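Based on the provided sequences and hints, a complete structural model is requested.
Same order as they appear, the protein sequences are chains A and B.
Each position in the first sequence, counted from 1, maps to that position plus 1 in the working numbering.
Numbering follows the working numbering, in which position 124 of the second sequence is assigned residue number 120; successive positions increment by one, without gaps.
Since the hints were made in silico from the structure, they are not lab data.
Just so we're clear, the structure is a prediction, and the values are computed from it rather than from any experiment.
The beta carbon of each residue, even a glycine, is placed where N, CA and C say it ideally should be.
A portion of the hints provided could be inaccurate.
As the list claims (entries may be wrong) - Residues from chain A shown here face chain B by an in silico Cβ test under 7 angstroms; the list is partial: (1) S3; (2) L5; (3) R6; (4) A7; (5) A14; (6) L97; (7) Q99; (8) P100; (9) T200; (10) L204.
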Amino acid sequence: MSMLRACYQLALANGRVTATDRKGRLIICVGYLLGMWLLYWLWRGLYLNDPSRAGLDFATALTHVATAQTLFAIITTPADWRLAREIRSGEVASQLTQPMNLALRHGAMALGAVAAKALYMLPAFALFLWWAGLNLAPSSWPLALASLACSFVLLFCLAFIVGLAGFLATDLWGIIASKDAVVQFLGGALIPLAFFPPTAQTLLHVLPFAHFFNTPVAYLTGQLHGPESLLIQACWALAFMLFAHLASLQVQRKLVVFGA
Amino acid sequence: MLIRAEQLNRVYRSPLSGQSWGERFARLLRPVWSETHSVRDVSFGIARGECVALVGPNGAGKSTTIKMLTGILAPSSGSVSVAGFDPQRDRRAYVKHIGVVFGQRSQLWWDLPVQDSFRILQALFAVPEATYQQQLSLFRREGGLDEFWLRPVRTLSLGQRMLCEIAASFLHAPEVVFLDEPTIGLDLEMKARMRELIRQINRDAGTTVLITSHDVGDIEKLSQRLLLIDHGQLKFDGSLAHFRQSAGDGHWWAAKLGGDRDAAQALLAGHPAGLAVRHNGDWLEVVRDERLPLPELLQLLAPFAIHDIKPVEQSLEDLLHGFYLAGKVGAREAA
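Right, dumping it as structure tokens:
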């Protein structure tokens, strides 16, 4: 119970830090809407001479990409940057003198940041959907929300593991940029996975990639109905949590035993 | 003993780079390590309620020792026990019993008001509301915490921030608090305020304090006992008074005379006690010893027209400086 209260306090604190920068919020929302507007014209151009591509019409494809990009903006947290910075500065040592698991601490903080970003970005997303004449039609909100939660876990764990690389490398820019590119491209945030060859699609669904964005977006847009994809996603989320925990233990062992 | 360290050793290993490309490649597969002994065979015990200063020059091994005591660094060999815990093995349970301030790090939230950082720490350490209020009351009353309680941490002065850091380390009523350079960069007034607060908590609540500092004032005002570490080895463990007696060149009487100083020196040198006598600028100095009490000394020097007489002893800063210097010379000679 006390751990839950501590997580709540951390989430609340980081949420407030994320949300208090009014000018920053405004700039992010304006930049986001500009990006969405460009995305609209890009996809409109792609569909100019062909009403259907990869089995998707213009509205379905655009809804997918816009939703996935919005999820990327909201759910992706800078846990990797934060952790790497704390490792480099030695701040992580102070955190080890507090009675909380490192991954849980960062997870709670990431959740707070996601909630804060959702509060000010979802209205912008709704505005874009209204302007573009699109709408979300999930066949099941519980499945869609569960899938979103799993997506958050997957992305956070990946960011946490990448952040731990701060023990090995001084500059993580390249690693984090590569991670974001792979996650967006193979996760279906840049283009729907329906545009990939069938074999690649199957592979990406079995592997964790599709479950970063494609699965939650498919639930949100009503392309997926049954719980099968969610179950695979949940299994990957558990595997990622386990892997993040083991990586955290290994890194802490390195810190404590070798002095990093 | 609340804290017990037995034969603590800490060795840091770092890979050696090869001279040629071939050697560098070979060392990727089979690294060659250099070893640095940061702490070597350090043993000591600290009783509940003591306030002990861990001092030594830069790179002596103080922070490494503190890290081993706080559980964030494992000893290469030897053992540590604090409040019945093995700090490294039982870290999560152990840290609830200790408070830590690393002078160059912060446990506060930069962008949030001070009170929010404290609420987060209260939740993290599961501090009951009554204990929370009680622990804060001293810092509110004596430290003026309320003046900046609602201000974001980033707007605080260094002194105010350090006051918050120290208050935060005592928030969960720990059995022992480790303070690593808690007064670094503070002005005189703030240092005095900080020392008084630490002293009060140590005295009234019986909280054990282990402090590392380069500030002699911290050591003199706060601690009853000194652990002096140099080149990773414990060179002195005892009271401040004992250190003053055993280090440096002792206690002297210094007299300024109007008469012949050489004759006075010869007279004192011929005293049956056989005490050392020396010139120091305009002063004639003789070792303070009960075999030559002050009235007898005054009587002996009376024919030489005493203008002034005063006791002389080295300050703690001079004594420590001499100690560190001797360590450097010793290390150079050993090399």
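Inset, instruction - Compare the structure with the hints numbered earlier in the document and write down the numbers of the violated ones, lowest to highest. - result: 2, 9, 10
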